[in-house]
Every structure is written in C-alpha cells, then in structure tokens.
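A.B. asks: Each chain, written out:
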Amino acid sequence: MAESVKVLPQDIQEIIEVREWDMRTREGVQRFRELKAKSLPSVALDGDLVYEALIPMQEELIDEIRRRYKEKNRNE
Amino acid sequence: MVSDMFEKTKTKRFIYPTKGVCPPEIHFKITDGTLEEIRFVGGGCPGNAQLVARLLKGKPIEEVLKYLVGIDCRNGTSCPDQLAAAVSATENGRLKPAESFRVHTDPSAGQRIGLIGALEGNIAVLEKLIEGMHAGGVETIYCLGNQTGNSADNHRLIQKLRKQKIYALQGENDWCYAQGQENESMPPLEQKERDWLLQLPQVLSFQMQTKKGIAFFGDYIQRLPDYSDFEPFALEMNMVCGLTDFMQDETVFPALEAMIPQFQADIIVFSQLKKWGNWRIAGKDFISLGPAWDANRLSWGQLEVADEEIEFKIMKAETEGG
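Residue numbers (this note's numbering), protein chains in the order written: chain A, 1 to 76; chain B, 1 to 322.
One should not assume that every hint holds.
[Stated by the list, open to error] Each computed DMTMM-like pair below joins lysine to aspartate or glutamate, with the alpha-carbon atoms no more than 20 Å apart: (1) A:K38 - B:E257; (2) A:K38 - B:D153; (3) B:K59 - B:D32; (4) A:K36 - B:D245; (5) B:K96 - B:D72; (6) A:K70 - A:E60; (7) B:K192 - B:D153; (8) B:K274 - B:E172; (9) A:K38 - B:E99; (10) B:K29 - B:E62; (11) B:K12 - B:E37; (12) A:K36 - B:E250; (13) B:K66 - B:E36; (14) A:K72 - A:D48; (15) B:K316 - B:D294; (16) A:K38 - B:E172; (17) B:K29 - B:E99; (18) B:K211 - B:E257; (19) B:K211 - B:E304; (20) A:K36 - B:D249; (21) A:K36 - B:D106.
Derived from the structure by calculation, the hints contain no laboratory data.
Only chain A is shown next, with the shape it has when bound in the complex (with noise of 0.2 Å):
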C-alpha cells in the first residue's frame, strides 16, 4: 500500500503528507482501532478510512486527494 502511495506524482507529494502505521506494533493497532478499520490494507485521508481492504487505483487515488484538497482550500 505505501509504495502505490509513493509513486504518486510529485504535484500531488507536494499536497500530501504520508504517514504509515505498522500493524505489528501498538501503536498501529490503536490507530488502526481509532479509524474503526476492519481490514487491511487501509487507506485513510485527513482521518478519514477511505480504502479499506484494497489498493485503489492510482487514477481514484489521486481523484479523491485532489477534491479533498479542492474543498479543503475552497475557501482560500
């Protein structure tokens, strides 16, 4: 999942800020948890568990940080 994330293009790096838990750890599973996430992979954006369960594809990735981002600075 990280990596479908990484090759994002750069305009689109430049939105975001990526941060992957291990679910090995407690500290992914209490994350995990506070998503109310059921399965993995998941793919959560500004908090929100978006994908879950499955890698989106790269096109509907970008798609849905690009309208995030469009409504989050709609009013800048």
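Chain B: place on chain A using the hints.
C.D. replies: Chain B in isolation, oriented as in the chain A frame:
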C-alpha cells in the same frame, strides 16, 4: 548488536544467573552508564540486598565495581561479587539485555495438556483440578495466572504450585505482588514468594505434534516498561489483546487474518477474560480460558492430539465447593 551494549543513552535491563550464592538471579538496569533497580531475586539476605541496591542506585558502574569485586561470603564469592561479575559481563558483551518479557519453553511435546485459568489463591480448587486432570490422563498442566488473588490462601497455593510439576505463568496480580504494588486489599506475601512470582514466565511456548503453541495471561505484558513489539510472540499478543480485544471484536477478524501469516505460533491460549472461547482462523487456534471454578462447577481446558489434529475441549466437574 554488541555495540548496543555500550550505548549509554538508553536503559537496558539485565538478568544475571548467579553462581555460588543464595539468590539465583540478579536483576538490574543500566541507564547512562549508571546502575538502577538492582534486585537480588529468589534468596539471600533481603535486608543487606536492599541496602546494596539503595547505596548503588544511580552510581556510575566504573565507580562501584572496585567496591563490589572480590568480597567473599560463600564458595569464594558473594552477592556483591556476583553483581560485579554481572556488570562486567554487560561490559564485555557476555550478558545481553533481558528479553522484554520472560518466555519459557516447555521442552516436552505433550499429547494431552491441561489448562487452568485464574486460580486467584484458591488452593482447594487447584487440588481438585489436579485430581480430575490426572484421572483424565492429562500429562502436563499449565496454570495461566492469576495464581494469586484476594485470598488468604495465596501462600499455600504458591507452596502447592512449587511442589507440583505444574507450569505456572505470571498473571497481573502476580506481577503486582512481585513489584510490591498489590492492591491494598490483598493479603501480604513474604519476599521469597514475591521473588518466586517475579521469576514466573510471562509467556509459555509449547509444542504439540507439528504445532507450536503459546500461553499467556493477558494485556498487562504489553504494559511492562520494557515491552517490545518485535520480540518473539509479541505479534500474537498484540493481535489478541489490542486488535481483537481478546477475540471479542469479530469485525476485525479480516485484519487478524491478514496478519496471521506472520505468526510464529499456531495455538494461542490466554486467560484474562475468564470466559471460555475457541476460534479457528486461518489455521490458527485461539483459546480463551474460562474461570477455574464457577458456582459448584470446576472447569479446565484440555488440548490433545487426536487423529494428528489438535482438539480443544472444555472439561467440567461438579464439586461441593471451592
């Protein structure tokens, strides 16, 4: 790895097996090159041992070694001399930092294993369970803690466990006693009994046919000060305790299944919930032990090899009390 031994910015905990003195182990920590939390475990003169521990607390190891080495009490050595040997062993790399929790391996490959949940000081229940298990052909008995509880019989129970060939695991109550941090309502125990509880394994590894099993009490192990997520069997404990809430949250079983290929163990037994349960997920058996007694009924778990498969049964026996 060895270079880590000399890293002086991190606390490392050590357990030194002594030679020629009364306490079989010395536990201590080294932080920034100074000694901390020295404890002579399992025998010796508790007053003198505590004095030594207090005097040396926070002292740089190079400063204290000259006072410790060469003192003779018996067998040409002494507790201080053994502490000196222990500290020297950390410096030359012969003594590696202790594991973050204590794992013991049962060397026998059992065909029928009896599993006992929290006894909480109830010696009458233990005696009846042993009788019932032996009558049923159980070869090996594991008591998963808590061995002690709010019971005046804790002392007698410990004596019994020590005499019997039973694997006793440390539970949270037992850990608290070992640290002198038991609940105020719990009856006092002698230092040697606290030391015995301290030395109990926190995880027991065992083998049945081709399957590897582990048994442990519950999530207090994850809260131990030195707990590492990357020690053997930590993953199994993190998944059982943290992810699935002791298998009570079935919604996260898909995530558990995704993590299972990284497990070392095939059978995972725990007892904190005091609630019977058995789950088989992706070829792994998860077993929650219920109470050792309930109303007028004794209960224990039984793992056995049947037709080259591992079977788990809940065994029950009526009793007049416990």
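A.B. asks: Does the structure keep K36 (chain A) and D249 (chain B) at a Cα separation of 20 Å or less?
C.D. replies: holds (11 Å)
A.B. asks: Next pair to validate is K38 (chain A) with E172 (chain B); report whether the Cα-Cα distance is within 20 Å.
C.D. replies: The hint is violated at about 29 Å.
A.B. asks: Given the hint that K66 (chain B) pairs with E36 (chain B), does the C-alpha gap stay at or below 20 Å?
C.D. replies: The hint holds at about 17 Å.
A.B. asks: Keeping to a limit of 20 Å between CA atoms, is the pair of K38 (chain A) and E99 (chain B) held or broken?
C.D. replies: Roughly 31 Å between the alpha carbons, so the hint for K38 (chain A) and E99 (chain B) is violated.
A.B. asks: What's the verdict on K72 (chain A) and D48 (chain A), does the C-alpha distance respect the 20 Å limit or exceed it?
C.D. replies: Cα-Cα ~14 Å, so holds.
A.B. asks: Please verify whether K96 (chain B) and D72 (chain B) have alpha carbons no more than 20 Å apart.
C.D. replies: Roughly 26 Å between the alpha carbons, so the hint for K96 (chain B) and D72 (chain B) is violated.
A.B. asks: Does K29 (chain B) pair with E62 (chain B) here, judged by a C-alpha cut-off of 20 Å?
C.D. replies: holds (15 Å)
A.B. asks: So if I understand the rule, the pair passes when the alpha-carbon distance is 20 Å or less; does K59 (chain B) with D32 (chain B) pass?
C.D. replies: holds (10 Å)
A.B. asks: Need the status of pair K36 (chain A), E250 (chain B): alpha-carbon distance at most 20 Å?
C.D. replies: Holds, because 13 Å separates the two Cα atoms, which is no more than 20 Å.
A.B. asks: Between K29 (chain B) and E99 (chain B), does the CA-CA distance stay at or below 20 Å?
C.D. replies: Answer holds: K29 (chain B) to E99 (chain B) is near 13 Å, not above 20 Å.
A.B. asks: Holds or violated: K211 (chain B) and E257 (chain B), Cα atoms, limit 20 Å.
C.D. replies: holds (18 Å)
A.B. asks: Decide if the proposed pair is consistent with the structure: K274 (chain B) and E172 (chain B), CA atoms, cutoff 20 Å inclusive.
C.D. replies: Holds, at about 13 Å.
Violated hints for the displayed structure, listed by number in ascending order: 2, 5, 9, 16, 21.
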